[in-house]
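There are 2 protein chains.
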Amino acid sequence: MTKPSEDSIGLVAPQTLHFKEPFTLACGKTLSEHQIAFETYGTLNENRSNAVLICHALSGHHHAAGFHEGDSKPGWWDAYIGPGKAIDTHKFYVVCTNNIGGCHGSTGPTDTNPETQSVWGSDFPPLRVRDWVHSQARVADALGIDQWAAVVGGSLGGMQAMRWALEYPDRLRHCVVIASAMKLTAQNIAFNQTARQAITSDPEFKAGEYLKHNTLPASGLSVARMIGHITYLSDDGMGQKFGRELRSGDFNQGTDELVEFQIESYLRYQGAKFSQAFDANTYILMTRALDYFDLAREYDNDPVKAFEQAQCDFAVIAFDSDWRFAPERSKEIASALLHADKNVFYAEIASPYGHDAFLVPNQPRYEALFASYMNKVASSCD
Amino acid sequence: MTKPSEDSIGLVAPQTLHFKEPFTLACGKTLSEHQIAFETYGTLNENRSNAVLICHALSGHHHAAGFHEGDSKPGWWDAYIGPGKAIDTHKFYVVCTNNIGGCHGSTGPTDTNPETQSVWGSDFPPLRVRDWVHSQARVADALGIDQWAAVVGGSLGGMQAMRWALEYPDRLRHCVVIASAMKLTAQNIAFNQTARQAITSDPEFKAGEYLKHNTLPASGLSVARMIGHITYLSDDGMGQKFGRELRSGDFNQGTDELVEFQIESYLRYQGAKFSQAFDANTYILMTRALDYFDLAREYDNDPVKAFEQAQCDFAVIAFDSDWRFAPERSKEIASALLHADKNVFYAEIASPYGHDAFLVPNQPRYEALFASYMNKVASSCD
Chain A
12 MTKPSEDSIG LVAPQTLHFK EPFTLACGKT LSEHQIAFET YGTLNENRSN AVLICHALSG
72 HHHAAGFHEG DSKPGWWDAY IGPGKAIDTH KFYVVCTNNI GGCHGSTGPT DTNPETQSVW
132 GSDFPPLRVR DWVHSQARVA DALGIDQWAA VVGGSLGGMQ AMRWALEYPD RLRHCVVIAS
192 AMKLTAQNIA FNQTARQAIT SDPEFKAGEY LKHNTLPASG LSVARMIGHI TYLSDDGMGQ
252 KFGRELRSGD FNQGTDELVE FQIESYLRYQ GAKFSQAFDA NTYILMTRAL DYFDLAREYD
312 NDPVKAFEQA QCDFAVIAFD SDWRFAPERS KEIASALLHA DKNVFYAEIA SPYGHDAFLV
372 PNQPRYEALF ASYMNKVASS CD
Chain B
12 MTKPSEDSIG LVAPQTLHFK EPFTLACGKT LSEHQIAFET YGTLNENRSN AVLICHALSG
72 HHHAAGFHEG DSKPGWWDAY IGPGKAIDTH KFYVVCTNNI GGCHGSTGPT DTNPETQSVW
132 GSDFPPLRVR DWVHSQARVA DALGIDQWAA VVGGSLGGMQ AMRWALEYPD RLRHCVVIAS
192 AMKLTAQNIA FNQTARQAIT SDPEFKAGEY LKHNTLPASG LSVARMIGHI TYLSDDGMGQ
252 KFGRELRSGD FNQGTDELVE FQIESYLRYQ GAKFSQAFDA NTYILMTRAL DYFDLAREYD
312 NDPVKAFEQA QCDFAVIAFD SDWRFAPERS KEIASALLHA DKNVFYAEIA SPYGHDAFLV
372 PNQPRYEALF ASYMNKVASS CD
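Order-wise, the sequence lines are chains A and B. Start counting the first sequence at 12; every next residue gets the next number (the numbering used here). Start counting the second sequence at 12; every next residue gets the next number (the numbering used here).
Treat the hints as calculated values from the structure; they're not laboratory data. Here the structure is a predicted model, which means the values were calculated and not measured. Quick reminder that beta carbons are idealized off the backbone N, C-alpha and C, glycines included. Everything hinted at is true.
Part of the chain B face toward chain A, derived, beta carbon under 7 Å:
(1) A197
(2) Q198
(3) I200
(4) A201
(5) S212
(6) S230
(7) I238
(8) D246
(9) M249
(10) G250
(11) F253
(12) I274
(13) E275
Not close to chain B: a few residues of chain A, all C-beta gaps over 12 Å, as computed:
(14) T54
(15) T127
(16) A148
(17) N373
DSSO-like, lysine-lysine: derived pairs with alpha carbons at most 27 Å apart:
(18) K217/A <-> K40/A
(19) K217/A <-> K223/B
(20) K353/A <-> K387/A
(21) K194/B <-> K252/A
Here chain A stands alone, though its shape is the one from the complex:
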């Protein structure tokens, strides 16, 4: 287990902001009030110019770096946020929020609907990426941040970063989009739909009202996670890590069907763990937002026209083994940005880790390129 060390932020504690003003969502429905869980690392400088917003991905949350009291594992992006790391907390004031609809402290389907005084469950309104961006803007207001030095995100987080550049062009100087896409492919949507189908067809799901029935669609959520997990890894990477190794026993005995491949027990373990820690309705809401995200839709489906709204500079990073958000998708982003006359830094990094690469520690080239771009961001904070 990783322990706090000199390059770690060390202990951190989550905070919460309560918003009493109504918040209208893209779907037209309004949250009469809501709360946002968030964490911050580093110090806001005097002219409030060094704030960096981290947008989390599908199953992420606001605990991006450092350690919570008693935890032996750090936040999900601790490898890239901390003193001397790519997002250097000596230089930046880093903010990470849990998205609305989440299950880690921000208002979401496991909370009580103040209008009905019962758990939201499946009644929680559908969400779009822009809803998260608008709520993050409120957090920025509350923290006195007029302009982010950078908005940074991987995967679904990268979609939020791009949406920031279009919705609030003057509120960010840099947009860092890692392993992301302007919209999902049909295959991506198909995987998400199959995952949702696994959840909703679990009898314990109870049409999304499992909390009221004191049940948990753990089997369905576990299968959903297993589907996702396979698509986050690369075929080669999985082969290198697990090969066709049997977990135990001898295949040649033949009859012992309990014998299984290591990849099987690994996936089942990960799925079961996730199903106890994550809310099924949140999973459905977040994958729906992913599916519907289409950056250029309201700009006549023209990504160049969309990015012409932006005023910031961009970094776009892809990983060669990522088949869920393939480098081709990142190249489309970079190309549209160039045609929209924006400054773009584009890098495709060799990595065996597939889509997960954006999270995986100890990738020197990724670290170096990421840190180099963030140094440029830091120089814009003076």
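Given chain A, work out where chain B should sit, using these hints.
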């Protein structure tokens, strides 16, 4: 709907062979008796040299071509079996069996175990690809076929064809291996395991004894099929066919969560249809056999040494958009065959249809190459 035409075999009827002699499986267990459902097309010539065995894939069966009485859709490989087609029934006597463990007429988990007089269910013994090969050899004996002109199969069927070449080297002259592999990758195993997990975690599965409980794990089997279906198609092909088109309604209304992408309703429909037509225990048995198949394992993991057993010629065909059984896997087969001094015809065909390409009609280059090789096979029948 396709209707019988001059290039169709026309009406066909399945047949059944009953075997009363005990049949010992690779796992060591013995079926005291069993039956095999099969179909034949064309005529066995005088010297019994023109017989071609078709091996089916995961969800296939013995009804490979022609029409059953009252059906509007032909057998699963009708595009490639018939008068004047790649496997020309003017020239060949074509045999296709339903694999043991199947759910279309051959002895399988939905049948009664003669020892216990109750339904086999999950007690049906685990199967290996070689079990099917050995049972097909018995069918050959029963039909008086000493030597196949060719054994032909796609995907799991290709694995059977390769195993034939090693187990019965003098009983086939040609081995046609389409969209197959010498063993699955970890990613393939992971998809299969996730599919099985979807089935076995369905409460209606009842530890495999659903027939005794008069239930059906339709939800789980449906999700399993959806997972499989995605992996049989290519990302691009799926995009071309479905794009991001919404099935109905207007996204901008936002709140209507019933609006969905076409790919979603398509997959759900296909999954639901499959779950009513296919047996869950068969699905588990067949995917397990796929996972465990490892052509060279007992030959010191040396594919060259394995193929040195073979005496026949080989055709190996792959499709460029097939990511489940990528061309790389077929190249490994072709390369090992070359090093084992076998005659190999290898072709990689451009196709948008992914793994499904081996089944999809109207692919002129595939048809031409397939027919050309089968012409060579035909010339060996004189």
